[in-house]
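There are 2 protein chains.
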Amino acid sequence: MAVVTLFMSDRDESRTFTSKKEADAYDKMLELAEGISHFVGREIDGLSERQAEDIGILFARHAEVLAAAMKGKTDVLFEPLAQQEDSSEDKKAESSSHLSAVGE
Amino acid sequence: MAVVTLFMSDRDESRTFTSKKEADAYDKMLELAEGISHFVGREIDGLSERQAEDIGILFARHAEVLAAAMKGKTDVLFEPLAQQEDSSEDKKAESSSHLSAVGE
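Heads up: the protein sequence lines correspond to chains C and V, in order. With the first letter of the first sequence counted as 1, position 11 gets the number 11 in full-length UniProt numbering; the numbers rise by one all the way through. With the first letter of the second sequence counted as 1, position 18 gets the number 18 in full-length UniProt numbering; the numbers rise by one all the way through.
These aren't lab readings, by the way, just hints derived from the structure by calculation. Incorrect hints may appear among the rest.
Where chains are identical, the list cannot tell them apart; a pair therefore holds if satisfied intra-copy or between any two copies.
[To be verified] Listed next, the in silico DSSO-like pairs over lysine-lysine satisfying Cα-Cα at most 30 Å (straight line):
#1 K71 / K21
#2 K28 / K71
#3 K28 / K73
#4 K73 / K20
Taking the hints into account, I'd like the entire structure generated from these sequences.
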């Protein structure tokens, strides 16, 4: 039998990657999600923790949409999101991911 | 008496500017806020229209914080917001501004 090297973000132990690069990108995305969740939870009244978390994941997962809108292409915010990223595997990760709200 | 030229964004008729540049920047910020409000309202369950609007304004007003975080400096999201932008005048504009949700 052969030993395989796996990589995992400690922010979401439900997913492993065989590529370190992918694991790094996923960890960075979760780090951004956590920060945005904290930011929006702190600044907007009445948001549930779950809503703040979902907003963080939404903006972190679609950061390229936000970046384009911030450069003036606001129409991208009215277009349906590219579904290819939200494959069933992501859905599984999303439902089981336990984002620990840093610093709360 | 002299006639003064004023500039106003049709997205917020409660504010006028003597500088076209400032009016343009304000209009762009409101356009981004409107887009983000639509985007987050569409994608996140259970948000009130007011919460979606507040999130849009928050992200559009502090776009530079988001941009830095998206480039990897996520710690900016945990720092208190620079208050100098939220002067009392902005607060007045914020409370009276009627962002029409485009396309709903």
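Hints versus structure:
no., hint, result
1, K71 / K21, "both (27 Å within a copy, 17 Å between copies)"
2, K28 / K71, "both (22 Å within a copy, 10 Å between copies)"
3, K28 / K73, "both (24 Å within a copy, 10 Å between copies)"
4, K73 / K20, "between (33 Å within a copy, 21 Å between copies)"
Checked against the numbered hints above, the structure breaks none of them.
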